[in-house]
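Chemist: Protein chains in written order, with my numbering: chain A, 37 to 200; chain B, 8 to 395.
In case anyone wonders, no lab produced these hints; they're calculated from the structure.
Check each hint, because a few of them may be wrong.
DSS-like, lysine-lysine: derived pairs with alpha carbons at most 27 Å apart [what the hints assert, rightly or not]: (1) B:K235 / B:K204; (2) B:K200 / A:K86; (3) B:K319 / B:K289; (4) B:K235 / A:K67; (5) B:K199 / B:K235; (6) A:K67 / B:K349; (7) A:K63 / B:K200; (8) B:K199 / A:K63; (9) B:K78 / B:K349; (10) B:K78 / A:K63; (11) B:K349 / A:K63; (12) A:K63 / B:K204; (13) B:K226 / B:K289; (14) B:K226 / A:K67; (15) B:K232 / A:K67; (16) A:K67 / B:K200; (17) B:K293 / A:K67; (18) A:K91 / B:K289; (19) B:K293 / A:K63; (20) A:K154 / A:K144; (21) A:K120 / A:K131; (22) A:K86 / B:K199; (23) B:K319 / B:K293; (24) B:K207 / A:K86; (25) A:K63 / B:K207; (26) B:K204 / A:K67; (27) A:K86 / B:K293; (28) A:K140 / A:K117; (29) B:K289 / B:K235.
Far from chain B, by Cβ distances over 12 Å, these chain A residues were calculated [to be verified]: (30) R62; (31) Q107; (32) A119; (33) V155.
Computed beta-carbon distance windows for the label pairs [claimed, not checked]: (34) A:A87 / B:F219: 21 to 31 Å; (35) B:E82 / A:A83: 12 to 22 Å; (36) A:V40 / B:Y129: 29 to 39 Å; (37) A:V40 / B:G261: 22 to 32 Å.
Even for Gly, the Cβ is constructed at its ideal location relative to N, Cα and C.
If you want the building blocks of each chain, they are given just below.
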Amino acid sequence: MELVTPSIGLVFWTALAFIFLLLLLRKLAWKPILGAIHEREQSIDEALNKAELAKQEMARLTAQNQDLMQQARAERDEILKEAKTLKDSILNEAKKQAQVEGSKLIEKAKIEIENQKKVALAEVKDQVSTLSLEIAERVLRGQLDDKTKQEALVANLLKDVELN
Amino acid sequence: MDCNQVFVSKVKKVIFVFTLLIAFLSIRNNTFAQVDSTIVSPDSVVAESAHAVSGEHGATEHGEEKFEPTKVIMEHIADSHVWHLWGHTSIPLPVILYTSGGLEVFSSAHFHHGEHDYQGKYNKYRLVTGLKQSMTKDMFNKNIKVVGADGQIDEAASDTVIDFSITKNVAAMFIAIILIVIIFASIAASYKKRVGKAPKGLQSFLEPVIIFVRDDIAKPNIGHKYAKFMPYLLTIFFFILFNNLLGLFPIFPGSANVTGNIALTFVMATATMLVVNLNGNKYYWKHILTPDVPWWLYPIMIPVELIGIISKPFALMVRLFANITAGHIIVLSLISLIFIFKTLAIAPVSVAFVLFMDVLELLVAFLQAFIFTLLSALFIGMAVEEHH
Numbered sequence: 037m038e039l040v041t042p043s044i045g046l047v048f049w050t051a052l053a054f055i056f057l058l059l060l061l062r063k064l065a066w067k068p069i070l071g072a073i074h075e076r077e078q079s080i081d082e083a084l085n086k087a088e089l090a091k092q093e094m095a096r097l098t099a100q101n102q103d104l105m106q107q108a109r110a111e112r113d114e115i116l117k118e119a120k121t122l123k124d125s126i127l128n129e130a131k132k133q134a135q136v137e138g139s140k141l142i143e144k145a146k147i148e149i150e151n152q153k154k155v156a157l158a159e160v161k162d163q164v165s166t167l168s169l170e171i172a173e174r175v176l177r178g179q180l181d182d183k184t185k186q187e188a189l190v191a192n193l194l195k196d197v198e199l200n
Numbered sequence: 008m009d010c011n012q013v014f015v016s017k018v019k020k021v022i023f024v025f026t027l028l029i030a031f032l033s034i035r036n037n038t039f040a041q042v043d044s045t046i047v048s049p050d051s052v053v054a055e056s057a058h059a060v061s062g063e064h065g066a067t068e069h070g071e072e073k074f075e076p077t078k079v080i081m082e083h084i085a086d087s088h089v090w091h092l093w094g095h096t097s098i099p100l101p102v103i104l105y106t107s108g109g110l111e112v113f114s115s116a117h118f119h120h121g122e123h124d125y126q127g128k129y130n131k132y133r134l135v136t137g138l139k140q141s142m143t144k145d146m147f148n149k150n151i152k153v154v155g156a157d158g159q160i161d162e163a164a165s166d167t168v169i170d171f172s173i174t175k176n177v178a179a180m181f182i183a184i185i186l187i188v189i190i191f192a193s194i195a196a197s198y199k200k201r202v203g204k205a206p207k208g209l210q211s212f213l214e215p216v217i218i219f220v221r222d223d224i225a226k227p228n229i230g231h232k233y234a235k236f237m238p239y240l241l242t243i244f245f246f247i248l249f250n251n252l253l254g255l256f257p258i259f260p261g262s263a264n265v266t267g268n269i270a271l272t273f274v275m276a277t278a279t280m281l282v283v284n285l286n287g288n289k290y291y292w293k294h295i296l297t298p299d300v301p302w303w304l305y306p307i308m309i310p311v312e313l314i315g316i317i318s319k320p321f322a323l324m325v326r327l328f329a330n331i332t333a334g335h336i337i338v339l340s341l342i343s344l345i346f347i348f349k350t351l352a353i354a355p356v357s358v359a360f361v362l363f364m365d366v367l368e369l370l371v372a373f374l375q376a377f378i379f380t381l382l383s384a385l386f387i388g389m390a391v392e393e394h395h
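Construct the entire structure; sequences and hints are all you get.
Modeler: See below:
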């Protein structure tokens, strides 16, 4: 029976030692150890959460960047297109204007030329008339040197007048 | 938690251990009865015991001593006032006796292994070792007896003396406690030093165990109030584990059968019982005092529930005690085979079996610490559970 009969001394020392151990370890070991483990777990959790958030943020930023890029590209295309049309229109306009201007100039030139021609013709006419008068005068003079010829002329002229 | 398998194997094991124990005790009783009739009867016990001891010594020297495995094993399993190392070398331990006269403190070396009586301040004491003690059918496991004026053991006076000696088990337990305190204080220091960093060295070796106790024992069984009971659960876990492991160690700092002593398991089980019942909430007490059965079953149910308060820690006490004691008994029995057969040829077989048993006991050391802690957590969980 000795095996299954607890001895008082051992019960006493065990109880004392166990209570002592429990109190000592609670203060000395379990509190700091469990506290540290808990803290570390929390910090790890936090870090993981933060990493997850950062990842999401990163994904969001990348998406945003892509969006921005796309938008910028679209905008660039738009601007290029606009510029092209603008250029075309300006070119057309300029062409048209140039044509108009050109035709105007040509018109003006034509008028000028016409005018000049007229002036020149008038001048030529003048000169021709003067010359012809002079020539006529000279001819007449030449022809009218003698009387016969004069008479002939007058006669001739009278003939013409009669005809008229 | 899935404990069914563990429980089934435990039950089988406990049954096995008890069978072994019963077989053992019956053998012992027969032996003692025989020895009883031959040795104890003479009138002068002093002379007789002195003669017996000298006779034994003489016999040992001539190699003719009859090897008694029961005696050897029981001496190891039981507590002792000296810490036997090897041969005739042993460490004497302090004897502390509380007598009617006052406290008596002296070294157990004065007994010279029971060969001499010691005259203390108040009484004369005699160390009665293993076998002789059980021959007196002593229920209170007193190894130290008061010797009367006539040289006989004075049983009446012996009953008034309470033995608070630092026995082998107490010393081994103190060693385990010192070890635990040193280890965990150093770990706590490294936690303070390496705040928020990964564990290192011993810290990383024991941290998973601590987390195991927290996450797999305390949390699932107790629930969100687990934090309050963590120090208790961790302390019983490591206290039992270290004592179990030291018990497996065959020489000095180990070798004592601390957790296989009913006194220690009794204290541990009582501690669990106190923790459970002091923390029991109104639902726990309602379940015990007004169980959910028809009122006319109360006369049966209430006593059953009240017995349950005691029987749960009682099972804890017996489980740990029986498992560890059985392990020690088996190992020693296997070693004893060599001496029983008186041949070295059996040694390889013995050693192989002992190796197997030691490895098994290593598992059992962890398993029993785990089971004790798990069941404590389970009982605590039942007591603090909130019903909605």
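Chemist: Now tell me, hint by hint, if it's right for this structure.
Modeler: Going down the list of hints, with the structure as the test:
{"no.": "1", "hint": "B:K235 / B:K204", "result": "holds (25 Å)"}
{"no.": "2", "hint": "B:K200 / A:K86", "result": "holds (25 Å)"}
{"no.": "3", "hint": "B:K319 / B:K289", "result": "holds (19 Å)"}
{"no.": "4", "hint": "B:K235 / A:K67", "result": "holds (11 Å)"}
{"no.": "5", "hint": "B:K199 / B:K235", "result": "holds (21 Å)"}
{"no.": "6", "hint": "A:K67 / B:K349", "result": "violated (55 Å)"}
{"no.": "7", "hint": "A:K63 / B:K200", "result": "holds (17 Å)"}
{"no.": "8", "hint": "B:K199 / A:K63", "result": "holds (14 Å)"}
{"no.": "9", "hint": "B:K78 / B:K349", "result": "holds (17 Å)"}
{"no.": "10", "hint": "B:K78 / A:K63", "result": "violated (44 Å)"}
{"no.": "11", "hint": "B:K349 / A:K63", "result": "violated (54 Å)"}
{"no.": "12", "hint": "A:K63 / B:K204", "result": "holds (22 Å)"}
{"no.": "13", "hint": "B:K226 / B:K289", "result": "holds (21 Å)"}
{"no.": "14", "hint": "B:K226 / A:K67", "result": "holds (17 Å)"}
{"no.": "15", "hint": "B:K232 / A:K67", "result": "holds (16 Å)"}
{"no.": "16", "hint": "A:K67 / B:K200", "result": "holds (15 Å)"}
{"no.": "17", "hint": "B:K293 / A:K67", "result": "violated (33 Å)"}
{"no.": "18", "hint": "A:K91 / B:K289", "result": "violated (49 Å)"}
{"no.": "19", "hint": "B:K293 / A:K63", "result": "violated (34 Å)"}
{"no.": "20", "hint": "A:K154 / A:K144", "result": "holds (15 Å)"}
{"no.": "21", "hint": "A:K120 / A:K131", "result": "holds (16 Å)"}
{"no.": "22", "hint": "A:K86 / B:K199", "result": "holds (25 Å)"}
{"no.": "23", "hint": "B:K319 / B:K293", "result": "holds (18 Å)"}
{"no.": "24", "hint": "B:K207 / A:K86", "result": "holds (25 Å)"}
{"no.": "25", "hint": "A:K63 / B:K207", "result": "holds (22 Å)"}
{"no.": "26", "hint": "B:K204 / A:K67", "result": "holds (17 Å)"}
{"no.": "27", "hint": "A:K86 / B:K293", "result": "violated (47 Å)"}
{"no.": "28", "hint": "A:K140 / A:K117", "result": "violated (33 Å)"}
{"no.": "29", "hint": "B:K289 / B:K235", "result": "holds (18 Å)"}
{"no.": "30", "hint": "R62", "result": "violated (4 Å)"}
{"no.": "31", "hint": "Q107", "result": "holds (44 Å)"}
{"no.": "32", "hint": "A119", "result": "holds (60 Å)"}
{"no.": "33", "hint": "V155", "result": "holds (109 Å)"}
{"no.": "34", "hint": "A:A87 / B:F219: 21 to 31 Å", "result": "holds (27 Å)"}
{"no.": "35", "hint": "B:E82 / A:A83: 12 to 22 Å", "result": "violated (58 Å)"}
{"no.": "36", "hint": "A:V40 / B:Y129: 29 to 39 Å", "result": "holds (31 Å)"}
{"no.": "37", "hint": "A:V40 / B:G261: 22 to 32 Å", "result": "holds (23 Å)"}
Going down the numbered hints, you'll see the structure goes against 6, 10, 11, 17, 18, 19, 27, 28, 30, 35, while the others check out.
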